[in-house]
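Colleague: Residues per chain, in single letters:
There are 4 protein chains.
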Amino acid sequence: MVREGYIFGCMIVNNTRFRVRYAETDQMGYVYYGNYAAFFEVGRVELLRDLGTSYKSLEDEGVMLPVRDFTTRYFRPAKYDQEIFLETRLEEMPGSRITFHYTLKSAEDEVLTTAVITLVFVDMKTQRPMKIPESLAKLMQPHFG
Amino acid sequence: MVREGYIFGCMIVNNTRFRVRYAETDQMGYVYYGNYAAFFEVGRVELLRDLGTSYKSLEDEGVMLPVRDFTTRYFRPAKYDQEIFLETRLEEMPGSRITFHYTLKSAEDEVLTTAVITLVFVDMKTQRPMKIPESLAKLMQPHFG
Amino acid sequence: MVREGYIFGCMIVNNTRFRVRYAETDQMGYVYYGNYAAFFEVGRVELLRDLGTSYKSLEDEGVMLPVRDFTTRYFRPAKYDQEIFLETRLEEMPGSRITFHYTLKSAEDEVLTTAVITLVFVDMKTQRPMKIPESLAKLMQPHFG
Amino acid sequence: MVREGYIFGCMIVNNTRFRVRYAETDQMGYVYYGNYAAFFEVGRVELLRDLGTSYKSLEDEGVMLPVRDFTTRYFRPAKYDQEIFLETRLEEMPGSRITFHYTLKSAEDEVLTTAVITLVFVDMKTQRPMKIPESLAKLMQPHFG
Numbered sequence: 000m001v002r003e004g005y006i007f008g009c010m011i012v013n014n015t016r017f018r019v020r021y022a023e024t025d026q027m028g029y030v031y032y033g034n035y036a037a038f039f040e041v042g043r044v045e046l047l048r049d050l051g052t053s054y055k056s057l058e059d060e061g062v063m064l065p066v067r068d069f070t071t072r073y074f075r076p077a078k079y080d081q082e083i084f085l086e087t088r089l090e091e092m093p094g095s096r097i098t099f100h101y102t103l104k105s106a107e108d109e110v111l112t113t114a115v116i117t118l119v120f121v122d123m124k125t126q127r128p129m130k131i132p133e134s135l136a137k138l139m140q141p142h143f144g
Numbered sequence: 000m001v002r003e004g005y006i007f008g009c010m011i012v013n014n015t016r017f018r019v020r021y022a023e024t025d026q027m028g029y030v031y032y033g034n035y036a037a038f039f040e041v042g043r044v045e046l047l048r049d050l051g052t053s054y055k056s057l058e059d060e061g062v063m064l065p066v067r068d069f070t071t072r073y074f075r076p077a078k079y080d081q082e083i084f085l086e087t088r089l090e091e092m093p094g095s096r097i098t099f100h101y102t103l104k105s106a107e108d109e110v111l112t113t114a115v116i117t118l119v120f121v122d123m124k125t126q127r128p129m130k131i132p133e134s135l136a137k138l139m140q141p142h143f144g
Numbered sequence: 000m001v002r003e004g005y006i007f008g009c010m011i012v013n014n015t016r017f018r019v020r021y022a023e024t025d026q027m028g029y030v031y032y033g034n035y036a037a038f039f040e041v042g043r044v045e046l047l048r049d050l051g052t053s054y055k056s057l058e059d060e061g062v063m064l065p066v067r068d069f070t071t072r073y074f075r076p077a078k079y080d081q082e083i084f085l086e087t088r089l090e091e092m093p094g095s096r097i098t099f100h101y102t103l104k105s106a107e108d109e110v111l112t113t114a115v116i117t118l119v120f121v122d123m124k125t126q127r128p129m130k131i132p133e134s135l136a137k138l139m140q141p142h143f144g
Numbered sequence: 000m001v002r003e004g005y006i007f008g009c010m011i012v013n014n015t016r017f018r019v020r021y022a023e024t025d026q027m028g029y030v031y032y033g034n035y036a037a038f039f040e041v042g043r044v045e046l047l048r049d050l051g052t053s054y055k056s057l058e059d060e061g062v063m064l065p066v067r068d069f070t071t072r073y074f075r076p077a078k079y080d081q082e083i084f085l086e087t088r089l090e091e092m093p094g095s096r097i098t099f100h101y102t103l104k105s106a107e108d109e110v111l112t113t114a115v116i117t118l119v120f121v122d123m124k125t126q127r128p129m130k131i132p133e134s135l136a137k138l139m140q141p142h143f144g
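Protein chains in written order, with numbering that gives the first Met the number 0: chain A, 0 to 144; chain B, 0 to 144; chain C, 0 to 144; chain D, 0 to 144.
It cannot be assumed that every hint is accurate.
Covered stretches of chain D, going by a simulated chain A footprint (3 or more residues, C-beta under 8 Å) [to be verified]:
(1) 32-42
(2) 45-57
(3) 93-103
It is worth saying that the hints were derived from the structure and are not from the lab. In this text, a Cβ means the ideal position worked out from N, Cα and C, and glycines have one as well.
Work the whole structure out from these sequences, hints included.
Modeller: This is the structure we're talking about:
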């Protein structure tokens, strides 16, 4: 995790590496287009872990984070046994929603895939949307100063 | 579902048909060996539905059925867009465990895969093994005379 | 498949039904957000089959259709054992790209998910983009009159 | 990889660690029973990599390794976000088949799952079984003295 000091704002960044599994490929020899979702999930989970919390602890506290919007563009295919590098970015302080931006690259720094995913904080008990939990907000606020 | 009148015993049989999805193939052009598990799951769920109950209603009553043993043998690959035919057999009255036998065939009646899967009845509250619920036993007993 | 006679244009529509598998759920009790991709794949494959061709035969003729863009919005979760109804629409005559529009509904006609997916025709030999194959264009053209 | 000097024979061992992804869980809150197959796949692929080769290079040389037999027993469930430790063992020199033995453990050294998987060497061109490729045999032989 790096706190990037951009002039017009800050962000929280996680970098995670994967090696493509056979299970993730399809008959075309590429990663099946639906299987990138699991990479993106790992990226945001690891970003939360970098912050000193975890998605699991959110659930343990009664907060769910179902996905609301998922947009992805495929530039080049990821292939079996390839090492791929995922950058996950939180570009603004979340309120009742949290949006992650993704860039997936090859070892040669070619962009394979980009994505934007928005999740909603949901109270497990009421099954209603809620604001970002205080404890999580406190961990993120310093990065968006 | 057919109640087969074998001389040395009875069984409960379900037949379910699938068409192989691209998502289920791998780079070899075959169904990925781990993806057959989902076909077998559907087979036993449909067998229960034939009996007039459902796996979902079991869970709603607080009973889980985690898998204990899974053995499968692959004879011929199932391929993309192929229609495949799954026979699921309950060959004996379950007690605290329930065992399903499977034969997966092509449209040409070639055996693709066989499997045996044993699941355990677990009480969700106590997280301990339990005997088959009475309501389910009553639905099965007539078939095992 | 129905050829709808809208005033401002035509479309090709396929309707496909699924029952949610346990394999497709996650710990939240919902269909995992990446697993909808397989439903959408089946929708477009069945639309092509309605037209009298198949995705498989395209591949056999040396044409691949990798996904270029995938956008989806989740309104309500699909749950285990639920019957869900997918409408797949081809709203305009494809050129070098083909775009499918999706609406996934519950039995109660509630919208669960919408999606738009664009795929690119690729020549397997050259690995380069190509125009829609003549044979496929001929099957689609009458619907876009 | 360690060459273990057992009195009655040798073996080749790989140890690989995973963190359970949300995508791998099901509604029960456990890893879906079919998803362990992907862990086992990674285990044998990493064992080959330890030896100085790779499953990918086998395929590039025209050798496929489809699974023939897959047996697994589930003792305890693996759960979301859990770190799990997979030991993959090659316990005898392969001939025309290759058998991997697996033990999956928790961080507390509890056995979660065991498995045995046998794969067959297949010549991609002829689609017929074949003996283990010479190049691979040479890398393994020293370990089985």
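Colleague: If you look at each residue in the stretch 45-57 of chain D, do at least three have a Cβ nearer than 8 Å to any Cβ of chain A?
Modeller: holds (count 3)
Colleague: How about the stretch 32-42 of chain D: do at least three of its residues have a C-beta closer than 8 Å to a C-beta of chain A?
Modeller: holds (count 4)
Colleague: Counting residues of the stretch 93-103 of chain D whose CB is closer than 8 Å to a CB in chain A, do you get three or more?
Modeller: Coverage by chain A is violated here, the residue count being 0 at a Cβ distance below 8 Å.
Violated hints amount to a single one, hint 3; each of the other numbered hints is respected by the structure.
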